[in-house]
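Protein chains in written order, with this note's numbering: chain D, 1 to 404; chain A, 1 to 404; chain S, 1 to 404.
Bear in mind the hints are in silico, worked out from the structure with no lab data behind them. A couple of the hints might just be wrong.
Quick list of in silico lysine to any residue cross-link-like pairs, SDA-like style, CA-CA up to 25 Å [to be verified]: (1) 357(D) with 314(S); (2) 45(S) with 121(S); (3) 35(D) with 342(A); (4) 37(S) with 70(D); (5) 149(D) with 34(D); (6) 35(S) with 6(D); (7) 45(S) with 30(A); (8) 204(D) with 155(D); (9) 45(S) with 41(A); (10) 357(S) with 312(A).
What follows is each chain in one-letter form.
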Amino acid sequence: MILAGRDLISINDFSNEEIEAVLNLADEMSSALEKGKRLDLCQGKELYTIFYEPSTRTRSSFETAMHRLGGTVVSHAEAQVTSAVAKGESIADTVRVLERYADVIVMRHPLDGSTRLAAEHSSVPVISGGDGAHEHPTQTLLDLYTIRKEKGAIRGKSVALCGDLRHGRTVHSLAIGLARFGAEIICIAPPDFELPDHIRDTLKAYRCKLTEYESLEGVVDEGSLVLHQAETSSRRGGARVGSGGQEGFMSFLLENLDVLYFTRLQRERLPTGEIGDAAEESYRINRQLLEKSRDDALIMHPLPRTGELAYEVDHDKRAAYFRQAGYGVPVRMALIALLLGAVERRISEGQKKKIPKPAKDVCGVRCPNGRCVTNAECYATAKFCQVNPQLLRCYYCDWLVQVA
Amino acid sequence: MILAGRDLISINDFSNEEIEAVLNLADEMSSALEKGKRLDLCQGKELYTIFYEPSTRTRSSFETAMHRLGGTVVSHAEAQVTSAVAKGESIADTVRVLERYADVIVMRHPLDGSTRLAAEHSSVPVISGGDGAHEHPTQTLLDLYTIRKEKGAIRGKSVALCGDLRHGRTVHSLAIGLARFGAEIICIAPPDFELPDHIRDTLKAYRCKLTEYESLEGVVDEGSLVLHQAETSSRRGGARVGSGGQEGFMSFLLENLDVLYFTRLQRERLPTGEIGDAAEESYRINRQLLEKSRDDALIMHPLPRTGELAYEVDHDKRAAYFRQAGYGVPVRMALIALLLGAVERRISEGQKKKIPKPAKDVCGVRCPNGRCVTNAECYATAKFCQVNPQLLRCYYCDWLVQVA
Amino acid sequence: MILAGRDLISINDFSNEEIEAVLNLADEMSSALEKGKRLDLCQGKELYTIFYEPSTRTRSSFETAMHRLGGTVVSHAEAQVTSAVAKGESIADTVRVLERYADVIVMRHPLDGSTRLAAEHSSVPVISGGDGAHEHPTQTLLDLYTIRKEKGAIRGKSVALCGDLRHGRTVHSLAIGLARFGAEIICIAPPDFELPDHIRDTLKAYRCKLTEYESLEGVVDEGSLVLHQAETSSRRGGARVGSGGQEGFMSFLLENLDVLYFTRLQRERLPTGEIGDAAEESYRINRQLLEKSRDDALIMHPLPRTGELAYEVDHDKRAAYFRQAGYGVPVRMALIALLLGAVERRISEGQKKKIPKPAKDVCGVRCPNGRCVTNAECYATAKFCQVNPQLLRCYYCDWLVQVA
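Okay, chain D solo, but in the shape it has when bound:
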């Protein structure tokens, strides 16, 4: 039986075959829901949602997924205020208690790596509903599901990731997922909002074709923007191109994109809100831009949107973001059912994910990420995986550390 008892903290916790098993089961769940069939696969099981940050879609769709499976839910919607955390409780203590009440725990927390720390202290499966700016793996499951269902496949598709690629945990997990399933990635991110190094590094390891640009909408306005383009894993250099050439190039680009995936600026993770306004303008999608896109392109967004996605786009058939949100229920039903061992699925032995064990002895090294959970919770020890003799990767937040 696959996945029973496992955690899902990073999309890399599951092998490709394991991810496909979830997506296939989600298809079955979806059909059952459409036929109005009752699924009581998880009767008598208890799901806990523990959210230290606001949520509409993630918490709701997990709770509905559990109800549709016949299970019950205990909800901590604002755990930073309503739970013992208000009295100073640590993540570890919270989890070591709740694992005795719950059969499966879904946690969202503002610190990078926090959900991994939680999983380490829990004997029941922990699912990350998002940890700081790090990952949001179940969003990626439903994003992959959306592309597979609406475009027929993931392999070979050109997917543009547009927006705040630095602080948006959603796109971190998604970029890795796309790379692993053989999609081509085009990044459109304003300066200071590009993909973090550790993600770019991971994509390189998967031999992903990656191209990066600074702006999308400028082109449509036929302005004289500076266009930056960079090859995979190199730092982005600048190159001024003429308005005509740029226009021609970007039209070509839009005509070749299968998916345009937009994300909002993560203002709650920026030092000040102001620097976001200009950035937001640079990748806004509206009807004008839509006209230049392919007829069968897919406009996706994890929601909530702010200014980057105009309401006028909603009426276009290519706008897939509400359907995408809707897929959250069958995908999360499939995930819960598999982690609880309520559904039997088998995959060949070699296809099971082997989760890398952190290196045991990296004396005196601290994670350089100020938002990493190891720098916030006193009992947590920094742990690292050895990438190469000079490079460590934080076991919790995936940031890279150069060592002598």
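Please arrange chains A and S on chain D, whose structure you already have, making use of the hints.
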């Protein structure tokens, strides 16, 4: 099958026959509950409560109603903080996602007309749990149920509405409901807290007998208050009456009232709290006043109370407000079951409510109500129904607009 | 049928035999859970949790307990913000409404005696989830369950209560429970954090062997602390002892303790946080101190911890606090099932608890406890039980009042 798939945003969304169908079914629900019968009419169905304002009774009784019907609930008790709204999400986006998870949605929101806007964007039934100072239609259903059950009928009863009739959404829906079912309405409201024009206008259209006064308790104190009385739909004029005459008149009034319906000052909707204190005094009910009332009068209150309803009244058998709150469960069970199509009821074709379509072309007119949702949500367009060639009514908040 | 329809506000609301009935049934519930048996004893029943203060364990374990019994839950996790209390609603009004929706109510509130007031106004059972600094009776049930299960018995055991014994409601209920079941109590509390007089008084009435000290850890540090020791019910005097003698004495003490029960400083109930820091140091438990304890000692803590319980203790087999938290589910299942009359248990007639009626006429006396609910809710009347001709005990918060 009546009501299946419908919304309930204004009490005027249902015809009298449809309202009676709900109340009749509530009677059956009530009997079933008393006998301890399990009703699994809504098994496998999911209700969402999304509350952007505090609530005890409304949210609780909806959730218990759904549980008593065998269904499940996902709860957003403080949606302005715990949901994506904290990240800037619009009402439309929230609803367009949640309609994919829920079978029926109950929403409370501080803006007038917000729940109508929500219903427009939802393919599943939306029930208003109160929208700003506009309406609270399910409270009216249980208020009508209370009067019908405890007084035998609504038609011909004299019902005094006492308190903040301007900002209290509860009395807006109720006044319309009472008018439609043939009750006589006596309004007791301090200056600046009278019924809004659009409600007074609606009551006139239903040929409701309406009388308005400024104060209730002053009379019992035998003070020399200025007594204001006004005929239906005219502005209230002032007339000083002698203490004796006033006393005699008010005693006569109290002796003829079947129902005294009290409401609190909506301090959260006032510019400053201070102006409320004096106003509250003017319609306070206590034992003294109760002594002058009829033996079979009904004292009602939607709760919570503040100072206007003395605790000493609780012990009187005429105090109906806790029973009234209790009726919220069977009434909301009936409503949910009908909107979900879980119960079959038929009414003759002509008795189905025809909801007026908003006029299509009212170029450049904005709703004058600063708290109307159309002045707050950027994608929302003001829409109006034509009352007469010079008068428009806002499709969302019902405020009236004079046009040239 | 015992306990059906009863409230649990103070541990003294149940007789010893009634408490044992709960613990025995909890054992059965625990076995059933371990075997994965579904218990649908409370199907169709509705539990309300109404929490005016943060909670992780208490609310969660009650909700899971109800789910494991097949019942449903409506949750008010932050009732001071999300409910009508935000509009000024009283405890009595809240309860008089919710008793019409719920089959059983669990309430936590910051005022002493608040849950007793709630129970007075409710026709359905009210369970206290903690009332101010007064009591937390269900925590005591699971604490007694833990000692009985892991030490075989309560009678004759030496139990040290360490920490903020003044403001910690948990230890108030526990001290009484331990005294009634024949345990010996050793109090370790910094100055100004000792047991309140009314608790010390109650322990005396149960002829409990009680010894009190000022500090625990000082000894291990071999410092020259002032050691205070006092006999039962006398005020604590001071006596300077030499470092050697102190060490010898405390080692002797630790060697004889069966249970060390730690609690955090209740900083939210202190005038300023600062005075807590030094106090916390004086009873901190770490590995050093653990080494001096008995091999079969039990380290307990109601959680959450702050600084008084070092993380290094967690790995010791004597650390029982997470298991203790886990027992919350079967114990609360047993309690709910008994109060709802879903399980039949009988005890001999004389063993039923007789709850003392408050004296009727104590004119003009107010409770001296500023945090007592009778000093906060306008409609609440102070009531007292006559302890002796000169002494009254507040019916709500148990504080003592000398009368002439």
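Hints versus structure:
no.	hint	result
1	357(D) with 314(S)	23 Å, holds
2	45(S) with 121(S)	20 Å, holds
3	35(D) with 342(A)	17 Å, holds
4	37(S) with 70(D)	16 Å, holds
5	149(D) with 34(D)	15 Å, holds
6	35(S) with 6(D)	22 Å, holds
7	45(S) with 30(A)	16 Å, holds
8	204(D) with 155(D)	16 Å, holds
9	45(S) with 41(A)	16 Å, holds
10	357(S) with 312(A)	23 Å, holds
Consistency note: the structure conflicts with none of the earlier hints.
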